[in-house]
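Chain by chain, the residues:
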Amino acid sequence: MAYALQQLINGVALGMIYGLIAVGYTMVYGIIGMINFAHGDIFMVGAFVSLISFVLLSSGGWAAGPGAVLLVLLVSMAITALYGWSVERIAYRPLRGSFRLAPLISAIGMSIVLQNFVQVSQGARAKPIEPIITGSVELWHGNGFAVSVSTMQVVIVVVTLAVMAVFTWLVTRTRLGRAMRACEQDRKMAGLLGIDTDRTISITFVIGAALAAVAGTLYLLRYGLADFFMGFIVGVKAFTAAVLGGIGSLPGALLGGLLIGLIETMWSAYAGQDMFLLRELNPAYKDVAAFGILIATLIFLPSGLLGRAEVEKV
Amino acid sequence: MSGASRLPEGPHVGGVPHNDDGVPEPGEMGGIPRGPEAAPPRPPVAHALRDAGISALVALGLFVPLVGLRTDVGPGGGGLILRTRWADVAILVAIVFAGRLAMNLWSAYRPAKKPRTVLRTAQIARIGTFVAPLFLGFAVLMPLLPWTTRYGLDLGVLVLTYVMLGWGLNIVVGLAGLLDLGYVAFYAVGAYTYALLSTTYGLSFWVCLPLAGIFAAFAGVLLGFPVLRLRGDYLAIVTLAFGEIIRVVLLNWVSLTGGPNGISGIPRPSFFGLSFSAGGGPGTFSDFFGLEPSPTHRAVFLYYLILVLALLTNWVTIRLRRQPLGRAWEALREDEIACRALGINVTNTKLTAFAIGAMFGGFAGAFFATRQAFVSPESFTFIESAIILAIVVLGGLGSQLGVAIAALVLIGGFEAFRDLEEYRMLVFGAAMVVIMVWRPRGLVSTRRPSVALGERRAISGDLVGEGHG
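As they're listed, the protein sequences go chains A and B.
Heads up, the first sequence stops at 314 in this note's numbering, and the numbers go up one at a time, no gaps.
Heads up, the second sequence stops at 1469 in this note's numbering, and the numbers go up one at a time, no gaps.
Keep in mind the hints are simulated off the structure, nothing from the lab.
Built from N, CA and C at the ideal position, the CB exists for glycine as well.
Any given hint might turn out to be false.
Said to hold, decoys possible - If you want the ones that stay clear, here's a sample from chain B, every Cβ over 12 Å from chain A, calculated:
| no. | residue |
| --- | --- |
| 1 | V1045 |
| 2 | H1047 |
| 3 | T1129 |
| 4 | L1136 |
| 5 | M1142 |
| 6 | F1205 |
| 7 | L1211 |
| 8 | G1258 |
| 9 | P1267 |
| 10 | V1316 |
| 11 | R1321 |
| 12 | L1325 |
| 13 | I1344 |
| 14 | A1373 |
As the list claims (entries may be wrong) - Restraint ranges, calculated between C-beta atoms of paired labels, are given here:
| no. | chain 1 | residue 1 | chain 2 | residue 2 | range |
| --- | --- | --- | --- | --- | --- |
| 15 | B | D1419 | A | Q185 | 50 to 60 Å |
| 16 | B | D1419 | A | R173 | 53 to 63 Å |
| 17 | B | P1146 | A | I299 | 51 to 61 Å |
| 18 | A | M1 | B | Y1423 | 49 to 59 Å |
| 19 | A | M1 | B | L1057 | 49 to 59 Å |
| 20 | B | E1334 | A | L74 | 42 to 52 Å |
| 21 | B | V1308 | A | L170 | 51 to 61 Å |
With the rest of the complex left out, here is chain A:
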């Protein structure tokens, strides 16, 4: 029981990170109907910018307090947002209105470019950083197993919820959010009504990239490691989360992220343990579990948990 509770806490923390990235996928898919394949790599860039900023700060002798973390977070958001904007400007905007596969291919190309750009500029080795946010709180002690929440996990949950709250306010209450929702419903009509659709789409990419930067920073702080290939698998899982929650739905993205994070953590924790059928399972297959869920969702629940069913008109 204590063990399960501990895994639940770990899963929620991981799921929050997936949720933040999933929002980026779901927004872009909602507004221009394409999978932004490079989004996972935008997340990776965010982690790297944070890493570099942390090293820069610590070499400047700044204490690694909450102020430094906040500063790094903001720098990372700004630079990564610039990356998101440039990717859209270079690879997607010229292809708007072209046939559907073209942006997908250029997105894959952009993903390769970002990965290899970081590999060339920062080296192929994984970069470790020392833990910055340390400490933990013991919640419960039972059966010789202590359930604890680390400060980092609390930070992840708090930051994610805060960022999501701001973001939800932005989408539902502001003029910009209204423009975004209008573009999502009908881009041509929104354009006719005087909304600058190109600008709105650019801003969508900027916001998505900023959220991915938050996720990247949190991931770096939690796992203490960044490498140029980390975006691919995290990206696919976050996309799975977006699909699971219902693509186009923002609360769905967070919900899907939480579910994927929990399933992955539980699989690693319980597969192969000496209980019922579990001993048949292999913890190495945790990614297979995530992908299996993706396939199952798409087959049995194509519109996701909180999404709207798509009606095809002839």
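Chain B: place on chain A using the hints.
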């Protein structure tokens, strides 16, 4: 403006010059398109300079952290140390500025483009009919040419492997319109089928080749069943997941596949029972034909083997296109609902497309295994799928010639830049983006209908609904 207002590009009968190079014209950048009779725009040079300046600023923001500040793991594995490279940043920003400026000036001052007429389209089509036999002739004669080196031969084998994979995937994506991002899974199934059957049961390559195709086709049906209802990007992501599942299973099922170590010592193919051996000896190819033993023989044999396999793929595709099944694929690509209404069995049509496409992937996989004599999960990553799909899309979906040219350009170019080492993949990805932006419909952007009433005329690729399924 967004392409909502952009008409499909048909064979223009004179008239409007069409800007299809993807570079937004000055008026396209803002929200409202600037009409030709609007107030005179800013002087182009000033505008170009301003725009290039903005681009350089953005580039500065992009490159300062990631290029300017390089982190390295310090000595003794301790904390990270920082190294600055401001000169590199300055060079990159200068390149961006100059490039953007040149691009702006070019689009402002370039001569008006000649409109594409029916006559010109016909001319291009006529040239196209000569290109294909020319390529074929060159491919057949290549190993016999005196100046072909061993390296050239190996490169030829590599390019032809990708040509075959491209043609195989073309059946699924180009003809049936089913977007498949996990094609490498079938390649892997074929390779592991041959590797396991030959090392475990000692079966020969020629027995295993059809078996590899059959197993891969089964894998194709296995993938096809659950995804029957999915379309477009959803299908892409599920096929991607399928490819990754196969790879993870290959990586972790150590008792069968050897895990990350792979399977080595896979037998090489023989020529009607005559083996190839550099040392010669009784019962070998060189002994039977009374030739000087040479390692080139096997290379030449492998070259012709993959050439025949690739041509088989091409031939089957061309034949199938004219048959009811092929027409059903193309109809499915254009409109699934109409297909259903016309009584086409959509399930069978999709499954056969997956199965036949996968079968050729399996053949190519078996060839890969016998050529390398070694397989490991490392060869079957997502990036391979992406490269194969890129070949198909860059070549022009559904165009057999285009796929071959794209494979030559991408894979040949990739090998030609071998000296660039780690920059190679960067250039490769950038090339994918640039080609796509420059020609979204691929290198060969005209299509000929498989069936037509009366005269068969080439049409623009924009009129074909590819990749919607």
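For each hint, the structure was consulted:
Remark: the non-interface label on V1045 of chain B is consistent with the geometry, its nearest Cβ contact in chain A lying 22 Å away (cut-off 12 Å). For H1047 of chain B, the condition that its CB be more than 12 Å from all CB atoms of chain A holds, with the nearest at approximately 17 Å. Annotated as non-interface, T1129 of chain B keeps its C-beta farther than 12 Å from every C-beta of chain A; the closest such distance is 25 Å. With 12 Å as the threshold on Cβ separation, the claim that L1136 of chain B sits away from chain A holds: the shortest Cβ distance comes to roughly 27 Å.
The beta carbon of M1142 of chain B sits about 29 Å from the closest Cβ of chain A, which is more than 12 Å, so the claim that it is off the interface holds. Distance to chain A confirms F1205 of chain B as a non-interface residue, since its nearest Cβ pair spans about 31 Å, more than 12 Å. Distance check for L1211 of chain B against chain A: the nearest CB is about 26 Å away, which clears 12 Å, and the non-interface claim stands. A cut-off of 12 Å between C-beta atoms confirms that G1258 of chain B is not in contact with chain A; the least separation is 15 Å.
Look at P1267 of chain B: its CB is around 30 Å from the nearest CB on chain A, clear of 12 Å, so calling it non-interface holds up. Separation of V1316 of chain B from chain A is adequate, the least Cβ-Cβ distance of about 23 Å exceeding the 12 Å criterion. The Cβ of R1321 of chain B lies farther than 12 Å from every Cβ of chain A, with a closest approach of about 20 Å, so its non-interface assignment holds. Chain A leaves L1325 of chain B outside its interface by the beta-carbon criterion, the shortest separation being 23 Å against a cut-off of 12 Å.
I1344 of chain B, annotated as away from the interface, keeps every beta carbon of chain A farther than 12 Å; the closest lies near 16 Å. Even its closest Cβ contact with chain A, about 27 Å, leaves A1373 of chain B beyond 12 Å, as expected for a residue assigned away from the interface. About 51 Å separates the C-beta atoms of D1419 of chain B and Q185 of chain A, a value consistent with the hinted range of 50 to 60 Å. Take D1419 of chain B and R173 of chain A: their Cβ atoms lie about 56 Å apart, and the range 53 to 63 Å holds.
With their beta carbons about 57 Å apart, P1146 of chain B and I299 of chain A fall inside the hinted range of 51 to 61 Å. As the Cβ distance of M1 of chain A to Y1423 of chain B is approximately 54 Å, the hint placing it in 49 to 59 Å holds. Between M1 of chain A and L1057 of chain B the beta carbon distance is about 57 Å. The supplied range of 49 to 59 Å therefore holds. E1334 of chain B and L74 of chain A have their C-beta atoms about 50 Å apart, which keeps the hinted 42 to 52 Å range intact.
As the Cβ distance of V1308 of chain B to L170 of chain A is approximately 60 Å, the hint placing it in 51 to 61 Å holds.
Every hint, counting from the list given before, is met by this structure.
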